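Colleague: Residues per chain are reported as follows:
There are 2 protein chains.
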Amino acid sequence: MKKEVAVGIDIGGTNTDFGIVDKEGNCISNSSIKTDKFKDAPAFVEALSEKIKLQIKLLKGEFRVKGVGVGAPNGNYFTGNIEFAPNLKWKGVIHLADLLGKRMKLPVVLTNDANAAAIGEMYYGAAKGMKHFIVITIGTGLGSGIVVNGELLYGHDGFAGELGHTIVYPEGRMCGCGRKGCLETYVSSTGIKRTVIEMLNNTNEPSILRNFNETTLTSKKIFSAAQKNDKIALDAFEFTGKILGMKLADAIAFSSPEAIILFGGLVKAGKYIFIPTKKYMEYYLLPIFRNKVKLLPSALKNENAAVLGAAALVWTHQKK
Amino acid sequence: MKKEVAVGIDIGGTNTDFGIVDKEGNCISNSSIKTDKFKDAPAFVEALSEKIKLQIKLLKGEFRVKGVGVGAPNGNYFTGNIEFAPNLKWKGVIHLADLLGKRMKLPVVLTNDANAAAIGEMYYGAAKGMKHFIVITIGTGLGSGIVVNGELLYGHDGFAGELGHTIVYPEGRMCGCGRKGCLETYVSSTGIKRTVIEMLNNTNEPSILRNFNETTLTSKKIFSAAQKNDKIALDAFEFTGKILGMKLADAIAFSSPEAIILFGGLVKAGKYIFIPTKKYMEYYLLPIFRNKVKLLPSALKNENAAVLGAAALVWTHQKK
Chain A
31 MKKEVAVGID IGGTNTDFGI VDKEGNCISN SSIKTDKFKD APAFVEALSE
81 KIKLQIKLLK GEFRVKGVGV GAPNGNYFTG NIEFAPNLKW KGVIHLADLL
131 GKRMKLPVVL TNDANAAAIG EMYYGAAKGM KHFIVITIGT GLGSGIVVNG
181 ELLYGHDGFA GELGHTIVYP EGRMCGCGRK GCLETYVSST GIKRTVIEML
231 NNTNEPSILR NFNETTLTSK KIFSAAQKND KIALDAFEFT GKILGMKLAD
281 AIAFSSPEAI ILFGGLVKAG KYIFIPTKKY MEYYLLPIFR NKVKLLPSAL
331 KNENAAVLGA AALVWTHQKK
Chain B
31 MKKEVAVGID IGGTNTDFGI VDKEGNCISN SSIKTDKFKD APAFVEALSE
81 KIKLQIKLLK GEFRVKGVGV GAPNGNYFTG NIEFAPNLKW KGVIHLADLL
131 GKRMKLPVVL TNDANAAAIG EMYYGAAKGM KHFIVITIGT GLGSGIVVNG
181 ELLYGHDGFA GELGHTIVYP EGRMCGCGRK GCLETYVSST GIKRTVIEML
231 NNTNEPSILR NFNETTLTSK KIFSAAQKND KIALDAFEFT GKILGMKLAD
281 AIAFSSPEAI ILFGGLVKAG KYIFIPTKKY MEYYLLPIFR NKVKLLPSAL
331 KNENAAVLGA AALVWTHQKK
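Protein chains in written order, with this note's numbering: chain A, 31 to 350; chain B, 31 to 350.
Excised from the complex, chain A in its bound form (with noise of 0.2 Å):
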């Protein structure tokens, strides 16, 4: 019998990834292309579908291709479409299983970003085996992905899963959906941003950040100066550890998970957002759920997580 893969793809504002992979998380072949080179969403779904064409052919029939998994910026699972996304180029609302299913031939499962990196952990990575748990991704913002019951949590219309919006601060940071003092506001790459802007400018503390503007300084510069013991890095990993560990506890106290999983851009800094985090969280926690959660980064390699997660969509959805 021919060995089964599906195609993974992750579109995101500036490009899109894919890849064919198999049931074991092996990434057989991968490309991409430009998103933004797009003027509008039937081309390039056409050139896409294209170029994943042109890869299987080159699989020369060894293998079965199952389905395409796709991981869009605010991709619903109930509908297949991409809707209203601030960082793609084509507004509104975007049919796209609709339009690659008639191009691929093939079933198109579709959802957002942070829920198909908790499919690629619950298949390939840090949650095998487990049946309820939580992915985090920290990149510009913040998203999630809730598995309850070794199922994605959807709720009624397909949203659920937002914890970058829960509230930390009801008169805290502006939030680019409108509101104030979203967990996102504090926790991201911009949050910790504007954490160190607001540490320089509340004391006098020698740092080396201040050397950059809002222009100039990133996450990764913060990143850097704690390496070299900078305390306003220090300071704004531990305050952004706190805020995260503060909201965590409060979703082990929703949904009870045997494990919270940190993805993304912002968790490489590695140490010095795990331990204050881990420490809060535990800190904030209902005494019955006290070192019975586990922290854990992804274990999905980094350049292709995103391909893989998407890919593991068409495995979840033969189940049912």
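Just so you know, these hints were derived from the structure itself, not from any lab. Honestly, I wouldn't trust all of these hints.
Same chains, same names: a pair is fine if it fits in one copy or spans any two.
With a straight-line Cα cutoff of 35 Å, these simulated DSBU-like cross-link-like pairs (lysine-lysine) come out [stated by the list, open to error]: (1) LYS210 <-> LYS309; (2) LYS96 <-> LYS33; (3) LYS322 <-> LYS121; (4) LYS324 <-> LYS272; (5) LYS69 <-> LYS322; (6) LYS121 <-> LYS309.
For clarity, every value in this text was computed on a predicted model and none was experimentally measured.
Using the hints, position chain B against chain A.
Modeller: Coordinates of chain B only, in the frame set by chain A:
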């Protein structure tokens, strides 16, 4: 074929109510015994099962008893045990489902009170036909039962749904759990009492409630003062609804339910609690969820709601 019925038992600190309930939620017969007059759990179980057997006998074989459902404080669904319940006289871990099953020679399902209420709403109450909803029980404390995909969310260790212990203010009111600022220190019959005492202390506002002290003040008196347009009482309900609304917005971002159902003593205050809760819930909601999530009162008859919920556990259990 004989009509199927289930026994529902609601164990409270003072009284234990029980009844025989059909699939339509009709309570065919009911009775109760004093929980606190028994020195240990085995003696309690013996007396309780004798009383239930007598009730079953009175049915004269016209019905078929399918099983026993129990709602109990700190009841763990996975183990069938009551674990360290602060308001029961019997300490430690009580193997209640096991003890009762042996006496009754029937399958016994046990869970905590809030989960039983959620199942009751799904089978007989305001959540009929819903797959995703949350029941919030507001009494001395605040409990919650979360239903996802038509099933109770128990999580990895059976303790999911502790919304009463999510944190509102990290440096806020001392909670019975040993931490500070938990939701139930603000939203519960004791929480609103603490709010009134704080408001009386911080203002010179005249109020009927100045006639009571910490011991004599009750949430019922606050309700009756609100009905007389007492400003402190009205402000206290507004504040309680604000905190509850804000945390419900967080819960919605988590699991995207179709509805939230409020149940329990404090909910009898009707519009005084519903109007501010709804207002602030919408205010604090992420825009994609606004005007979509229903906020409903329990539709279980209050005198035997907990018994109905416990009986309904038997039907859920049989689905598996």
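Colleague: Hints first: check each against the structure and report whether it holds.
Modeller: Here is what the structure says about each hint:
1. LYS210 <-> LYS309: both (26 Å within a copy, 17 Å between copies)
2. LYS96 <-> LYS33: within (10 Å within a copy, 47 Å between copies)
3. LYS322 <-> LYS121: Close across copies (23 Å), not inside one copy (44 Å); limit 35 Å.
4. LYS324 <-> LYS272: Both: 17 Å inside a copy, 33 Å across copies.
5. LYS69 <-> LYS322: between (50 Å within a copy, 34 Å between copies)
6. LYS121 <-> LYS309: Intra 42 Å, inter 31 Å, cutoff 35 Å: inter-copy only.
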